[in-house]
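Protein chains: 2
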Amino acid sequence: MFKSAELGNRVDDAKYAKEVAKLRADLLDAQYELLEDKSFPVIVLVNGVEGAGKGETVNLLNEWLDPRHVRSRAFGDPDEAERLRPPMWRFWQALPPKGKIAVLFGSWYTAPIVGRVVDKTSDGKLAAELSRVRSFEQLLVDDGAVLVKLWFHLSKKAQKKRLVALEKDKLTRWRVTAQDWRSFARYDAFRRVSEHVLRETSTGAAPWLVIDGSDPNYRALAAGRALLAALRARLGAAKEAARKNGKAGRKKNGASEDAAASMLRTLDTAGILKSLPFTERLSKPKYETKIVKAQATLGRLSRSSKMKKHAVVAVFEGMDAAGKGGAIRRITQAVDARHFSVVPIAAPTEEERARPYLWRFWRHVPRRGQFAIFDRSWYGRVLVERVEGFAAEDAWSRAYAEINEFEQELSDHGIVVVKFWLAITKDEQMKRFKEREATRHKQFKITAEDWRNRRKWDDYIVAASDMIDRTGTAYAPWTVIEANDKHLARVRVLETLNRRIREAL
Amino acid sequence: MFKSAELGNRVDDAKYAKEVAKLRADLLDAQYELLEDKSFPVIVLVNGVEGAGKGETVNLLNEWLDPRHVRSRAFGDPDEAERLRPPMWRFWQALPPKGKIAVLFGSWYTAPIVGRVVDKTSDGKLAAELSRVRSFEQLLVDDGAVLVKLWFHLSKKAQKKRLVALEKDKLTRWRVTAQDWRSFARYDAFRRVSEHVLRETSTGAAPWLVIDGSDPNYRALAAGRALLAALRARLGAAKEAARKNGKAGRKKNGASEDAAASMLRTLDTAGILKSLPFTERLSKPKYETKIVKAQATLGRLSRSSKMKKHAVVAVFEGMDAAGKGGAIRRITQAVDARHFSVVPIAAPTEEERARPYLWRFWRHVPRRGQFAIFDRSWYGRVLVERVEGFAAEDAWSRAYAEINEFEQELSDHGIVVVKFWLAITKDEQMKRFKEREATRHKQFKITAEDWRNRRKWDDYIVAASDMIDRTGTAYAPWTVIEANDKHLARVRVLETLNRRIREAL
Chain V
1 MFKSAELGNR VDDAKYAKEV AKLRADLLDA QYELLEDKSF PVIVLVNGVE
51 GAGKGETVNL LNEWLDPRHV RSRAFGDPDE AERLRPPMWR FWQALPPKGK
101 IAVLFGSWYT APIVGRVVDK TSDGKLAAEL SRVRSFEQLL VDDGAVLVKL
151 WFHLSKKAQK KRLVALEKDK LTRWRVTAQD WRSFARYDAF RRVSEHVLRE
201 TSTGAAPWLV IDGSDPNYRA LAAGRALLAA LRARLGAAKE AARKNGKAGR
251 KKNGASEDAA ASMLRTLDTA GILKSLPFTE RLSKPKYETK IVKAQATLGR
301 LSRSSKMKKH AVVAVFEGMD AAGKGGAIRR ITQAVDARHF SVVPIAAPTE
351 EERARPYLWR FWRHVPRRGQ FAIFDRSWYG RVLVERVEGF AAEDAWSRAY
401 AEINEFEQEL SDHGIVVVKF WLAITKDEQM KRFKEREATR HKQFKITAED
451 WRNRRKWDDY IVAASDMIDR TGTAYAPWTV IEANDKHLAR VRVLETLNRR
501 IREAL
Chain C
1001 MFKSAELGNR VDDAKYAKEV AKLRADLLDA QYELLEDKSF PVIVLVNGVE
1051 GAGKGETVNL LNEWLDPRHV RSRAFGDPDE AERLRPPMWR FWQALPPKGK
1101 IAVLFGSWYT APIVGRVVDK TSDGKLAAEL SRVRSFEQLL VDDGAVLVKL
1151 WFHLSKKAQK KRLVALEKDK LTRWRVTAQD WRSFARYDAF RRVSEHVLRE
1201 TSTGAAPWLV IDGSDPNYRA LAAGRALLAA LRARLGAAKE AARKNGKAGR
1251 KKNGASEDAA ASMLRTLDTA GILKSLPFTE RLSKPKYETK IVKAQATLGR
1301 LSRSSKMKKH AVVAVFEGMD AAGKGGAIRR ITQAVDARHF SVVPIAAPTE
1351 EERARPYLWR FWRHVPRRGQ FAIFDRSWYG RVLVERVEGF AAEDAWSRAY
1401 AEINEFEQEL SDHGIVVVKF WLAITKDEQM KRFKEREATR HKQFKITAED
1451 WRNRRKWDDY IVAASDMIDR TGTAYAPWTV IEANDKHLAR VRVLETLNRR
1501 IREAL
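Heads up: the sequence lines are chains V and C, in that order.
Counting from 1, position 33 in the first sequence corresponds to residue 33 in the working numbering; the numbering is continuous, with no gaps.
Counting from 1, position 221 in the second sequence corresponds to residue 1221 in the working numbering; the numbering is continuous, with no gaps.
Hint data in this document are derived by calculation from the structure and do not stem from the laboratory.
Keep in mind that this is a model prediction, so the values were computed, not measured.
Glycine included, C-beta positions come from ideal geometry on N, C-alpha and C.
Among the clues, some could well be false.
With a cut-off of at most 16 Å between alpha-carbon atoms, the simulated EDC-like pairs for lysine to aspartate or glutamate come out as follows [to be verified]:
| no. | chain 1 | residue 1 | chain 2 | residue 2 |
| --- | --- | --- | --- | --- |
| 1 | C | Lys1308 | V | Glu82 |
| 2 | V | Lys309 | C | Glu1082 |
| 3 | V | Lys100 | C | Glu1350 |
| 4 | C | Lys1038 | V | Glu352 |
| 5 | V | Lys125 | C | Asp1412 |
| 6 | V | Lys309 | C | Glu1080 |
Sample of chain C residues lacking proximity to chain V, with all beta carbon distances greater than 10 Å (derived) [said to hold, decoys possible]:
| no. | residue |
| --- | --- |
| 7 | Leu1023 |
| 8 | Leu1060 |
| 9 | Val1117 |
| 10 | Val1118 |
| 11 | Arg1134 |
| 12 | Leu1139 |
| 13 | Val1164 |
| 14 | Asp1188 |
| 15 | Asp1215 |
| 16 | Thr1289 |
| 17 | Arg1338 |
| 18 | His1339 |
| 19 | Arg1355 |
| 20 | Arg1440 |
| 21 | Trp1451 |
| 22 | Asp1458 |
Build the full structure now, drawing on both the sequences and the hints.
In structure tokens, the structure reads:
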């Protein structure tokens, strides 16, 4: 969840000044429309890492919006009245009426996360707390609320830099407390628990938006745009419903999910794939030594008696001609044919379309001891189906959570889930397309569809970046492989696979 | 959840024969319409107590429906192929395509319940499993499925009777195994865990229906009617959407919730309140002795130092003139005025209507050491708002789960939640209305609205019975008080309150 927020996203001052003027005007318009319309409340949660600009964002939102209709509340340690009542009591008090916006600084997420990291509460307790959080947010959504859940993130390095910078300046030194450094010492634990919490509570109707907090301009625009997109989508849906029914229609989950999907689209995650250098190369002789060695290791691992308690699910995604087939063959060469199956995924059949989209992948889940290698996969839902509009917006935006849940079930059962994105440049793809057209035995590999997909290159990059960002989990991480050099790619794939299997055994 | 299913509901053979002919014809019609329409799948879960007629119901559904388009699957212990894959794998295999009906005998609920009772898995593990179940069902519902979750129940006595009867008959003796008796020995644990599981997974879009399994005629009709209602509601919603949009509209949660609400309405729970005898009386002298004693006890408990860790929420519901005010005064007479507040609940204000309906009750949650006494309460959502149509069907049917969650939060915080339904007969109400009209100082108590409500007496009884059935939990049980005799009612209220507080301290 945090990958795209560690890219060092920046917006320079000139661009910021221009964009912010327009954003503020639009936000005010939307706020007044909401106030007029009074059909739903908006709840903005401001959470995240210390020093990532949470307080500054709350101040900015109050500056940008008409503050008479914004209710900001900061939740620190509970006061006496709060301690004497159930933990959710103070949050209920802070709920805004329809037509208004509440900005909550700290929220019902703080206590479960801090409890798990600092007081070492059990996994079971955390699970019960998150289950309660989901019920509460579902109640809000069912009641029509728009939830904007913002998580401001800093990498460990960026957080340290920020604390040091604040301490150096006499004017800001007071802002750094011993507590801040104590928290920093627990950065890794906080990161691990937060990622788990965000994933478990990122639902279709109330997803988390993780914002890179390192640049003030970037984070301000990201937060403002997300709020604006959610407001506009829901105001639009409300108007649409009113037009159709002759009155303001009941707010269904669908409306929330449309607002949520619009929010997600405002985040620029494409940097994950755009920032690749594509410089490394591997010579043929070196490749031949390395691939033989990696294949031997894989063969040995696949025959290990410990594999009987495990299985492997390997997922290959990437643009057309990225080299998925070639990489897969290097795996199958190394493993006994009785121990693997390759599952090529094309458009779903009629039988498959009649069921939830994950159904056809469940059919191919390997039994213990087996490898299942997917040449394209369930990620089609958030790639081709999203880009081509085969899946409705609420369906694909819900799919990230569904996929994470699916992969967790695999992982909990001892299945090693290894996911590769084979990245190539647009030029390299063109080179390969032409090569295929020119080579008799490769012509079958290139179709009119490949050329059509190529025209939507940028859309696919955005979709793939979102995918990597929202489904890269501790138990099923993505490995992005620079695949302009096929040799390098194949070796990296095998080495990654071997490492992940070894860790599991 | 099990109260209404222990009333010994019966349908005699003549009535059954008549009803079942009509039901079968209607079910077939609906099935063919579904088959034609192909816009959603139907999944019927058949779960419950051993001997409550699960197998028989599966057979009947196959007999009633066109079996070519029904897929029945029984899930026993997993076979080898299943054991070697993640637990949910076999259930995914059994999902029906759109247009078809799957009847699943045993389901994803069996393992968590048996695990908790027999293998004593932890609460945390159960919470994690139920969280996964909710995600899975949410996925199915989001994908458009209609889920009909049937739980066949038998009281402990009825289960024993059934096992003994089967054993006595030579022809059925083979059906009773040692395992059945072992399970019976764990009846109480199974009941407790099942109730928890059903409550935690009874969501707005996929609620549980608990069916009394003691009478074959009754349970068959109840199951068939629930399925029919769900089919009809969804087919109707699909047609409506098609008419509006010129094409089959996307299925939103709203459609599922309408189908779910229709299902709920087919259950006859009214027996809970209709079966009261109203025979007991308490003489004035006895009343005076008892009430003084009970008040003294309450006063002592309220001043106990242990109360500092607790609080009391007492809820009074009942028909107009049931004696709520009088009972409440007997409590407040006994408790120091600094320690209680009485919260009368009338129609919500504008400020309250602009927020989720539970908001105004959260405001009155007492701090530790305090009593909050609600004269009418959050149950208005499923009583007056349901009967008068102030809340949409999906909103009030969702409210049972929301209320259970709310009361659990109170209870987890150490608050004693005591809920009274003061039951009077219709004749008694008339007597009291007339008395009020005739007495100068009571005239203010009777309004035109009271007379209007009285005309909907039967609807209120149905709503109140559903409420008691679906929100009577281990941590916040309902106490139904026969209140035709005011003296008796007041003493019972105080004694119940004292007992619950004493248990908590």
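A quick look at each hint next to the structure:
1. As the CA atoms of Lys1308/C and Glu82/V are separated by approximately 15 Å, the hinted pair is consistent with the 16 Å bound.
2. With a C-alpha separation of about 14 Å, the suggested pair Lys309/V and Glu1082/C falls inside the 16 Å cut-off, and the hint holds.
3. This hinted pair checks out: Lys100/V and Glu1350/C have alpha carbons roughly 14 Å apart, not beyond 16 Å.
4. For the given pair, Lys1038/C sits about 14 Å from Glu352/V by alpha-carbon distance, which is consistent with the 16 Å threshold.
5. Pair hint Lys125/V plus Asp1412/C holds up; C-alpha atoms about 13 Å apart against a cutoff of 16 Å.
6. Restraint check for Lys309/V and Glu1080/C: the C-alpha separation of about 14 Å stays at or below 16 Å, so the hint holds.
7. No beta-carbon of chain V comes within 10 Å of the beta-carbon of Leu1023/C; the shortest separation is about 27 Å.
8. The non-interface label for Leu1060/C is consistent with chain V: the shortest C-beta to C-beta separation is roughly 26 Å, beyond 10 Å.
9. For Val1117/C, the condition that its CB be more than 10 Å from all CB atoms of chain V holds, with the nearest at approximately 17 Å.
10. Every CB of chain V lies more than 10 Å from the CB of Val1118/C, the least distance being 19 Å, so the non-interface label holds.
11. For Arg1134/C, the condition that its CB be more than 10 Å from all CB atoms of chain V is violated, with the nearest at approximately 8 Å.
12. Against chain V, the non-interface label of Leu1139/C is violated: not every CB pair exceeds 10 Å, the least being about 5 Å.
13. Against the 10 Å criterion, Val1164/C stays outside the reach of chain V, whose nearest CB is about 40 Å from its own CB.
14. Listed as outside the interface, Asp1188/C is consistent with that label: its C-beta sits roughly 23 Å from the nearest C-beta of chain V, beyond the 10 Å cut-off.
15. Against chain V, the non-interface label of Asp1215/C holds: every CB pair exceeds 10 Å, the least being about 35 Å.
16. Listed as outside the interface, Thr1289/C is consistent with that label: its C-beta sits roughly 37 Å from the nearest C-beta of chain V, beyond the 10 Å cut-off.
17. Separation of Arg1338/C from chain V is adequate, the least Cβ-Cβ distance of about 15 Å exceeding the 10 Å criterion.
18. Every Cβ of chain V is farther than 10 Å from the Cβ of His1339/C; the closest lies at roughly 13 Å, confirming the non-interface assignment.
19. With 10 Å as the threshold on Cβ separation, the claim that Arg1355/C sits away from chain V is violated: the shortest Cβ distance comes to roughly 5 Å.
20. No beta-carbon of chain V comes within 10 Å of the beta-carbon of Arg1440/C; the shortest separation is about 42 Å.
21. With a closest Cβ-Cβ approach of about 31 Å to chain V, Trp1451/C is found to remain outside the 10 Å limit, as its non-interface label requires.
22. For Asp1458/C, the shortest C-beta to C-beta distance to chain V comes to about 28 Å, beyond the 10 Å cut-off, and the non-interface label holds.
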